[in-house]
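Q: Based on these hints, arrange chain S on the given structure of chain H.
Sequence order for the protein chains is H and S.
Mind the numbering: the first sequence is residues 0 to 320 in numbering that gives the first Met the number 0, read in order.
Mind the numbering: the second sequence is residues 0 to 470 in numbering that gives the first Met the number 0, read in order.
Honestly, the hints are just simulated from the structure, not real lab data.
Keep in mind that the hints are not guaranteed to be accurate.
[What the hints assert, rightly or not] Computed footprint of chain S on chain H, listed as stretches where at least three residues anywhere in the stretch have a Cβ under 8 Å from a Cβ of chain S:
(1) 47-54
(2) 235-247
(3) 296-310
[Unchecked claim] Now the in silico label distances, taken between C-beta atoms and shown as ranges:
(4) S:S96 x H:S210: 30 to 40 Å
(5) H:Q284 x S:S96: 30 to 40 Å
(6) S:V431 x H:R146: 50 to 60 Å
(7) S:N259 x H:D43: 28 to 38 Å
(8) S:V431 x H:P54: 40 to 50 Å
(9) H:A11 x S:Q83: 22 to 32 Å
(10) H:P54 x S:Q83: 11 to 21 Å
(11) S:L250 x H:R1: 22 to 32 Å
(12) H:A11 x S:G6: 17 to 27 Å
(13) H:S210 x S:V251: 55 to 65 Å
[Stated by the list, open to error] Chain S side only, calculated, beta carbon under 7 Å to chain H, not exhaustive:
(14) V50
(15) T52
(16) A54
(17) G55
(18) T56
(19) V62
(20) V72
(21) P76
(22) P87
(23) N88
(24) E99
(25) S101
(26) V252
(27) N259
(28) L395
Beta carbons are placed, not taken as given, at the ideal position from N, Cα and C, and that holds for glycine.
Chain residues, written in single-letter form:
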Amino acid sequence: MRTEIAAALFMAAMFVTSVCMVYGGGQEPPSLQVTISNDILTVDYSMPSSAHSYPSAIVAITVDNYRSDDITILLTKRSGPPNSDPANVQGLVDHLGAELENIGSSSEVTTIDERALSSFLTAGNGTLVIASEINDTMGLMLESWVRAGGLLVAIGPGCIPFLSPGGSLEIDHVLFPYDGKVVDGSFANALGLRTLYSVNGLSVADVLSYSGKVLGHTSSDGKLTTTATVPMGNGRVLVMGGPIEAPFLASMEDVYAWDLARLLQTGAPWVSGPVYHDRMEVPSQGLRDSLSIDIGEMAVRISLFSLDDSHALFVGATVKP
Amino acid sequence: MLKGAMGDLKRFVAPSPTVLKFLIIGLMIRLLLSPFTSYPYDAYPFYGAVVGTLAGTGPYGNVLFTYPPLFSVIYYPLFWVVAQFVDPNSFGIFVPSMVEVSRATKMLVPFITSPTFNVVLKLPIILGDVLVGLSLYKIVEARKGSVSAERVFLIWFLNPLVIFVSSVHGQFDVLAAYFALIGVMSFMEKKYLLSGAFLGVGVLLKLFPAYLVISFGIILLTSFIISLRGSRLGEALRPISAFVAGGAISLVVILPFLLNSNSFLDFILRRGTYSSVGGMNAWFLTPLLGAIAGGGGGSGEGIPFGLIILVSGIAITVLVTLIIIWKAPVEGRPLYTALAVTTVVLATQSVTNPQHLIWLFPLMLVFYSSDGRMHHKMYILSVLGLLYLLCLQSGLVFLYPLANYAGWPSVHMINQGIESFFIGTEMGRAIVMSVLGGLGFFVLLSVVTPPKWDPVERLIRKIVRRGALED
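Looking at chain S on its own, in the form it has when it is part of the complex:
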C-alpha cells in the first residue's frame, strides 16, 4: 500500500524528465526571490496573524487579518516550529523612515518583514504553484496526451505573473485556485462529495470559489428537477446532497473557530462593505477619476458599495449559469460554467488586482487543450498584471526586505524612489493604471466571447500575419 502510494507520488511529481527539470528550475527561481522581497501592505496582516496566534489571541486577535481563516491554519505550524528557534519579535521591524511615504501612497505599512518570515510565509504558496502545475499536467495528459500536458505545465509554472505573485508579492490566491481547480475536475468526474469539499476548502481560503458553489448548486438543482421525472426521489437527490455534504465537511477544518467565536465572520463581512473599487475590471477608470477629483489612492477608496457589487455578482453568477445550462452540452457544463463565472466575477467585482487573475489561469489552461486562444489571453493578462503591479507604487515597493536586511539599495533610496514615482507622476500614473485596467477588462471579456467574435484573437492573428508577411 505504502509502496503503491510512493509510486503514485513519484509519478505525480515527476511525470516526465522535462517536467522534473523545469519543476526544479521554477522552484529555484521562486526560492531565490522569496526571502528579500515582499509587499509590506499585505505582509503586515500576515505578520499580525502569526504573532497573534503565537500570543494565544488567534489570527483575528489584532484585527489585521481580514481573510477567511484557512491560510493562517496552513502556515501556522511552520511558524510555530520556527518560533521555537527564532524570536518572533525578529519576524519584522517598524521602520519610522517609511512613515512619510506610507502617508503619501496610503498603500504602505512602515513595517518590513524579515527574510525568515518571508520564506516561511511563501513556502505553502510556492507549494500551491507546484500542485496546480502538476494537477494541470495530469488533467491535460488525460485529455490530450503528454505533449500538450508538458506545454501546459510550462506555461503555468514559468509564467512570470504566477512566479511574481507567489514568490515576490506573497499572496496566496494560488491555493484557492488549486482547490477550485480540483473541485471543478471532481465535479466533472461526478465525484460530488469531493467536489463540494474541495470547493468548500477553497472558500475558506478566498471567497471566490463561493461563486462556483452557487453555480454548481444550480446545475445540480436543475438536474435534480429533470431527473425527478424519471427516477426515485432518493436517487435524484443523491448528487446534490453529496455536494452539500462535501461543503459541510469542509467546514470541519475551521470548526474550532466557529465554535469559539463567530465575531471574525462579522468582521470579515463588515470590512467587505468598506471595500474600494478599481483594478482590471469594469471599474478601471477609478484611478483616473480619483486623480481628477484630487484623491491619492491607487484603486479608488472609501466608496462603500462593495456590498451592492457582491449581491450583483451573485445575481450575475446565477444568470451566467442558467445561460450555460441552456446553451452548453451537458458534459462540458461544469468547466464552461467555472470559466465563465470566474471571468465575469473578475470583470465585475469591486477590486480585481493582478493576483486575482491567478484564479482564472488554471481554468484557462484546461481549456487551452481544446481552445488554443486561451494561452494568448493568458500571456497578455500576465504582462498587463505585472505592469499593473509595478505601476501601483513602482516596483521598488517589493524590495524593502532587500534594502533593510541586505543593505542595498537603502531604505531611504526606496522611499525617495516611490515618492518621486507616486507624487511626481500622479496624473500620468493614474492614466497608465486606468489604461492597464481597461485593457485587462477588455481581455477578460474576450475570454468568454465566442471565437468568431473575439476581437483580441483577431488582433493577434492580424499582428502575426503582418509579421509573417514582413519576414
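If we strip away everything but chain H, and leave its shape as in the complex, we get:
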C-alpha cells in the first residue's frame, strides 16, 4: 500500500511541476508606447523586473517596406558543398518556428520542395529562405520575384546563381576568420546576433557597392561580415554566410534561426536610412525609459527585446508618419 501512496505522491508532484512549467513560467511582457510630434518620434518603454539583471536592446530602424510575412523554406535533398545539409535545413525550420513563437511573432514557417518553387514564385510576394543550390532557370525566376518585391534569405555561397560570380548581384564569399571578439557598439552586437562564427563571410566592399547594409558581425579587419541586406528592385536579399553546419552556437541552425527571427521582426532587411540601437542591462527591478528620434517623413520599425537565454521578451511597433 505504501508503494501505491509513494507512486501517487510522485505523480501528483510531477503533475503540479508540469502545470507550473507550462502555465506558470510566463514573464511580464515589455511595453512600448510611441507618439509623434513635429517629426519627432518619442518612445516610452519599459522592461519587466526579474530575479537578476539581464541584457536587452532597443532598436529603431528606418524602413521602406516593413512586412511580417509567413516564412517559406526551400527543402531539397541535396547535400555536400555548397548546400547546407537537409538535416540542418530541417533543423532551421524547427528552430526558426520556435524562435518566432518565443518572441510572440504571428509569422508561420512552412516548407516547399523544388517542384513547388516555381508556383510559389508566381504567387506573389513573401519571404523565402534558400540554403541549397538552385539551377539557372529557377535563378532567373527568383531574381524577377525579388525585383517585384520578394524578400529572399540566401544562406551559403554558390547557391543562388545571381549572387554567384557573373551574376547581377555578385557578392564574394570567403572563409570567415572570426577571432572571438565582438565589436562593441555595432548593430550586430546591439541586436545580440549569434552567428559569430559562420563558415563563410561576405565581402563588405561588394555589399556596399550594391548599396547594401552590413548587419552581421565583421572580421577584425572589417573586410568580411556574416550577414548583410542588399536592395534589388522593390525587394531585398538578406545574404548570410553559410552553409549551415555544426557546431551549435557557432554556425548551426540554432544561431541562424535566432538571428533570422530577430532580423525579420526588427525590419532590418528593409533598412533604408538611419538606424538607432542601444544595448542595455536591465536591472533586477526592471527598467523604464524613453528616447526621442527625429524621423522626418520616414517609416520606422521600433523593437524592444531581451538578449539572454532565460528571457524571451519582444515587443515591436511600426510607425508611419
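A: Below, chain S alone, put in the same frame as chain H:
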C-alpha cells in the same frame, strides 16, 4: 502512520551496515566527480531546456531538448530554486576556442556548463543510482537472502560505468531503468495497475520501456484469451484493463504538455527518423565503414533509416515475447521477457551508446541471484562501455568544466588533445570503436544465449581454469 513510514524509509535506505557504508562511499565519489565533469554535447540541450523553461517557453521552446518531457519536469524545481540565487546566465558559457575542435569531431558543442549547473543536473540522476541499488537489495533479499542482496547492491552501486554515466557524463538512463525495474517487479507481483503506471513513467523519461509495455501487453492478452475459456469476461479483463489504466494514469504527469501543444511529440518523433546508427550493437561496423568512406562521425551519421529500425524493433519485441510465452514457465515470464526484450532491443536499435547498457544492468542483477553468468557479462560490458566512451573523442572531452572553471588543464590543452586524438588516429580510432562495438554486441547476444551454448561463459571458464592451473 508517519512513524511507520519513517521506519520503512530507514530500513530501505540502510538495510545493513555494509550497504549504508558503501552507500555513503559511492555517494561521495559521485558528488566529487559531478561538478567539474560533463559531456558538452549532451549538457547543452539540458541547459537549453532549463533556461527555456525559466524564460517561459518550456523545455522544447528552443528546440534543443529531444527527450520525452519527464526528466525536465524532475530537475526543473531544483533549477528554479537555484535560479532565485544564481543568475541563470552563469549556468554555462560559450567558448569560441572550442569551435574548431567541435567542427572537427561534430560531437561537441562549444559551450561549457558551470559546476553549479552540473551538480544540480546530476543530483536526480545520482538519486536514481541509489534507488536502483536499494531496490535491487530489496528484490534479491526476498529471493536469495541478505548476503546475495548485499553483493548485488555493491556490484551495482560501485560499478564504474554506472558511476561514470551518472556523475561524469550526466545522462539519466538510470531513472528510466529504475521505473522499468519496479514496473517489471510490480508485474511479477501481479500489481498490474502499478506496473502500467511505472512503465508509463519510464516511457516518459526514455522511450525504451515502451518495448516492455508492448511485451507485457502481449502476455496479458494471451492470458486474457486463455482465461476467457474458464472465467467471466469481467474477471478475465481485469489484469489487462488495470495495466492499461496504469499506463493512462502515468500520462497525467505530462498532461499540461499534451493539452498545451503536441508539437513536441512531432518534433521528437521526426528527429528520430534522422537518427544515426552505430555503437555496441549490430551496426558496430559503422565507424569503420565511415572512416573508409571518408566520413568523420563517431557513430555514422545521417543514414535516415531510424524509423525502419524502430518498426523492426517492435516486430522483434513481439516475436521474442511470443517465443518466451511458448517456452518459459508462467511465473518467470515477465522477468525473462524483460531481460530478453531489453537485450534484443539494445543489440538491434539504431544507436546503442554505453549509457544505454544501464537499461539492462538492473535486470541482469535480478537474474544474477539465479544465473551466476550475469555478473561476468555485466563486468565485461562495463569495461567495454567505459572504453567506448573514452575512445569516442578521448576522455578529455569530459574535463571541459574542470579546465574552464578550475583552470587546469587549460581549455586549449583539451582542444589540442581531442584534435590530436580524433584527427591523428582516425583509422585506428575507427577500428577500435568497431572492435569495442562488436565485442559489446557479442556479449549482449550472450545474455540471452542458453547456458550450454554461451561462448562468453565458456571463454571465462577457460581463462579462470588456465589461471588456476598456472597458480
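Q: Holds or violated: G55 of chain S as interface residue toward chain H, Cβ cutoff 7 Å?
A: G55 of chain S check passes; min Cβ-Cβ to chain H is 4 Å, inside 7 Å.
Q: Have a go at the P87 of chain S hint: is there a Cβ in chain H nearer than 7 Å to its own Cβ?
A: holds (4 Å)
Q: Given a cut of 7 Å on the nearest C-beta pair, is the interface hint for E99 of chain S held or broken against chain H?
A: violated (9 Å)
Q: Between Q284 of chain H and S96 of chain S, does the C-beta distance stay in 30 to 40 Å?
A: holds (36 Å)
Q: Tell me if V72 of chain S is really an interface residue toward chain H, meaning its C-beta lies closer than 7 Å to one of theirs.
A: With Cβ-Cβ at 5 Å, under 7 Å, it holds.
Q: Verify the CB-CB distance for A11 of chain H and Q83 of chain S against the hinted window 22 to 32 Å.
A: holds (23 Å)
Q: Quick check: the stretch 296-310 of chain H, covered by chain S? Criterion 3+ residues, Cβ under 8 Å.
A: holds (count 4)
Q: Okay, N259 of chain S versus D43 of chain H on CB: inside 28 to 38 Å?
A: holds (33 Å)
Q: Would the hint on T52 of chain S stand, with a C-beta cut-off of 7 Å toward chain H?
A: The hint holds - T52 of chain S has a Cβ within 7 Å of chain H, the shortest such distance being about 5 Å.
Q: With a Cβ-Cβ cutoff of 8 Å, does the stretch 235-247 of chain H contain at least three residues near chain S?
A: With 4 residues close enough to chain S, the hint holds.
Q: Using C-beta distances, would you say chain S covers the stretch 47-54 of chain H, given that this needs three or more residues below 8 Å?
A: Three-residue rule met by the stretch 47-54 of chain H, so holds; n is 4.
Q: Go through the hint on N88 of chain S and say holds or violated, using the shortest Cβ distance to chain H against 7 Å.
A: This interface hint holds because 5 Å falls under the 7 Å limit.
When the structure is compared with the earlier hints, violations turn up for hints 24, 28 and for no others.
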